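Chemist: Sequence:
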Amino acid sequence: MRSLLRSAMILCMIFLVFIPIASGAAASEQKRFVYDEAGLLTKQEIEKLETLAAKLGAERETDFIIVTTNDTNGRDVKKYAEDFYDEKAPGYQKKHGNAAVLTVDMEHREVYLAGFKKAEEYLNDARLDKIREKITPDISHKHYEAAFEMFMKAAHDDMEKKPWADSIFFKTWFQLLVSAVIAGIAVAIMKYNSGGKVTVSASTYMNGDTSGVIRNNDEYIRTTVTKQRKPSNNKSSGGGTTSGGHSHSGSRGSF
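Quick note on numbering: full-length UniProt numbering labels position 54 of the sequence shown as 54, and the sequence is numbered without any gaps.
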């Protein structure tokens with residue numbers, strides 16, 4: 001009896017010793033969403049963003065990733081973001097899966113947003129352009145946590161909409177305009193068909209024998225010059241394909 005009790009106590013002690021080890025291993029394997037290599041965030045801010053990314057990502061089945069760097073090793077921000085996806089293989093419940101990645105290059109002061117797999121479809125170039133325009137002011141003013149949180153929430157919201165929902169054909173104002181044009185054409189056709197043929201013209205009341213041109217002269221009035229600002233283009237061509245063959249949407253700009 002005593003030997004059994006002793007054995008049970010030994011097993012309990014072994015179990016208690018290995019609990020912290022197992023917990024530590026689980027913690028080390030916990031999924032990571034924030035890669036702040038540039039040191040823009042505090043530990044508390046990183047923890048908050050990690051929690052938010054896990055919550056929003058589960059709702060959209062997409063990893064929302066933040067990447068910052070001070071050194072791209074000679075690569076531009078787009079190439080750096082593509083290599084990150086190839087090497088780290090983020091994705092919801094699978095490697096190289098659904099992911100929306102925000103990359104901030106502090107070395108060249110550029111930012112790049114990319115959508116992979118499902119995010120490529122729902123976060124197309126146009127939607128990523130709008131998100132980038134929203135978050136760039138905060139990045140410029142060093143409000144990094146606010147910018148990264150806004151990126152996650154905006155991407156999360158856009159992924160709730162159908163990919164074609166932003167099409168002009170589904171805009172209310174466009175549908176009203178088309179309806180008005182069609183109605184106008186229909187009224188014009190009916191009016192034309194209901195009226196008689198017009199036989200009166202300018203020559204009806206003109207006497208060819210007594211009417212004529214008295215004189216011709218050209219009079220200079222003024223010259224008008226219109227100036228138009230040439231738009232600057234600080235955006236990239238959008239998405240592309242990584243060296244590993246993964247296509248993606250994208251938006252690029254400076255801050």
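Please keep in mind that the hints were generated in silico from the structure rather than gathered at the bench.
In this text, all values refer to a predicted model and were calculated from it rather than measured experimentally.
Check before you lean on any hint, since a few could be wrong.
As the list claims (entries may be wrong) - Within a straight-line C-alpha distance of at most 27 angstroms, the following computed DSSO-like cross-link-like pairs (lysine-lysine) qualify:
| # | residue 1 | residue 2 |
| --- | --- | --- |
| 1 | K95 | K161 |
| 2 | K43 | K88 |
| 3 | K94 | K142 |
| 4 | K118 | K142 |
| 5 | K161 | K94 |
| 6 | K142 | K130 |
| 7 | K55 | K142 |
| 8 | K55 | K134 |
| 9 | K43 | K162 |
| 10 | K55 | K162 |
| 11 | K118 | K162 |
| 12 | K130 | K162 |
| 13 | K43 | K118 |
| 14 | K95 | K142 |
| 15 | K88 | K153 |
| 16 | K118 | K153 |
| 17 | K79 | K118 |
| 18 | K43 | K142 |
| 19 | K142 | K161 |
| 20 | K153 | K134 |
| 21 | K153 | K43 |
| 22 | K43 | K134 |
| 23 | K95 | K31 |
| 24 | K94 | K162 |
| 25 | K134 | K118 |
| 26 | K94 | K48 |
| 27 | K134 | K161 |
| 28 | K95 | K48 |
| 29 | K161 | K48 |
| 30 | K142 | K162 |
| 31 | K153 | K94 |
| 32 | K95 | K118 |
| 33 | K55 | K94 |
Chemist: Give me the numbers of the hints this structure contradicts, sorted from smallest to largest.
Modeler: 3, 4, 9, 13, 14, 19, 30
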